[in-house]
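Q: If you want the building blocks of each chain, they are given just below.
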Amino acid sequence: MKRAGVALSGEIDLIAAPEVRARLARETGGDGDLVVDARDVSFIDVAGCRELVEAARRLPEGRRLVVVGGPRSLARLMDLCGWRHEGRIVLVSGAETAGKEKS
Amino acid sequence: MSSQAAPTSSPHVHRDGFRHEALLYSGPEEFLSGALAFIEQGLEADEPMLVVVSADKIRRLRRKLGAGADRVHFADMADVGLNPARIIPAWREFVDRHSGPGSHLRGIGEPIWAGRSAAELVECQRHESLLNLAFADAAGFRLLCPYDLDTLEPAVIEEAHRSHPVLLEATGGERESTDYRPVEIVAEPFAEPLPEPPPSAPEQPFEAGKLDDVRHFVAEQAAAARLSRPRTYDLVLAVNEVATNSIRHGGGHGCVRMWVDGDTVVCEVHDEGHIDLPLIGRQRPGPGQVGGHGMWLANQLCELVQIRSFPGGSVVRLHLHR
Chain A
1 MKRAGVALSG EIDLIAAPEV RARLARETGG DGDLVVDARD VSFIDVAGCR
51 ELVEAARRLP EGRRLVVVGG PRSLARLMDL CGWRHEGRIV LVSGAETAGK
101 EKS
Chain B
1001 MSSQAAPTSS PHVHRDGFRH EALLYSGPEE FLSGALAFIE QGLEADEPML
1051 VVVSADKIRR LRRKLGAGAD RVHFADMADV GLNPARIIPA WREFVDRHSG
1101 PGSHLRGIGE PIWAGRSAAE LVECQRHESL LNLAFADAAG FRLLCPYDLD
1151 TLEPAVIEEA HRSHPVLLEA TGGERESTDY RPVEIVAEPF AEPLPEPPPS
1201 APEQPFEAGK LDDVRHFVAE QAAAARLSRP RTYDLVLAVN EVATNSIRHG
1251 GGHGCVRMWV DGDTVVCEVH DEGHIDLPLI GRQRPGPGQV GGHGMWLANQ
1301 LCELVQIRSF PGGSVVRLHL HR
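Note that the protein sequences, when read in sequence, are chains A and B.
Mapping of the first sequence onto the numbering used here: position 71 corresponds to residue 71, and the numbering continues sequentially without gaps.
Just remember that the numbering used here sits 1000 ahead of the position in the second sequence, which is counted from 1.
Derived from the structure by calculation, the hints contain no laboratory data.
As the structure is a computational prediction, the values presented were derived from the model and not from experiment.
Treat the hints with care, as some may be off.
[Said to hold, decoys possible] Output of the computed footprint for chain A on chain B, the stretches with three or more beta carbons under 8 Å from beta carbons of chain A:
(1) 1201-1215
(2) 1239-1252
(3) 1288-1294
Beta carbons: idealized from backbone N, C-alpha and C, even for Gly.
Take the sequences, apply the hints, and build the full model.
A: This is the structure:
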């Protein structure tokens, strides 16, 4: 089974969001969970988080978007915007192996 | 006084619509008798109730209510209303959870007390007016807002007359306010002047593609102001979202200024946009909602957010305590 994956880096804001959207869109066709390696992302804002959420929503039923690592703002914004409750997106600490859920 | 008493001719008061009433009391004993009468009516009618007042007042009310207190939800206004813009979402949650066809529910909310700073007071007063807009459709919801005549300035009481269509005396008297400000006026862009920033306040202009400049400027200034790291992080996030709004909706560019006012770090984002959504930042974004998160986040991350829209542009000021 081919596992889809995207590695992101740097500061993801309004300016970087379109590129993130395009890269995620290219990977939605694979099998299993879509894994986003965000360990080298130093900042992400609502515009960036929205791209992850939108990509997760576009995945076929049963597939999730798994974000590995990422800056503190990722979990903070996902919580404050209520996106984490949707269940389509899973945040995993960068120290763990991809695929394990962070409680 | 009966809870069914129908105020008469005013176009702003409907017996079965949203009822927003100011309770004008003098001192703690009158507060207790006025609030207890309101709560006891609710207990009799078995209405869901939420009381958001100070921790001390909650203790006193609980003691007097005895077992009845278990049927009332209480929340500390110092928590809920630390930023007054977080109070409407709290009432919204209460109303959505408990209202149904023909249902009646009650609330007591005291967002204004003598210790509020001048800036907080203005935002609390704006909040009181916006309640009339936010809950215009909340049939059966009766919200009582206590005002302490002993400790509040006369101008604060006068403004309570403008934001509440009905005025109650602690002794039971009830009358319509003749000074009530209609919701059509509340819905207009809020242009209450703000104090001038200090002339020495450093500034950082920004435009599309330059949001990282804004973030670095805010982090630098916050460090100089000795704001803690977690609070600096909150401020950077909040300013980034407000500046993003400037780029997307406010003319594409703007300017950030920062200064310290006593124990508060103030950061202002100014642009050429026009803010005509009166409840912006006071409605929790729905799950599928695409925009509208920026000002909501700013309110969750900051102790005070002042939103103003003037003919020449708009200003958003964020306050964080050091």
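Q: In terms of beta carbon proximity below 8 Å, does the region 1288-1294 of chain B have 3 or more residues touching chain A?
A: holds (count 3)
Q: Okay, the region 1201-1215 of chain B and chain A, do three or more residues pass the C-beta test at under 8 Å?
A: Held - the region 1201-1215 of chain B has 5 residues with a Cβ nearer than 8 Å to chain A, which meets the minimum of three.
Q: So is the region 1239-1252 of chain B in contact with chain A by the C-beta rule, three or more residues under 8 Å, or is the coverage claim wrong?
A: holds (count 5)
The structure shown violates none of the earlier numbered hints.
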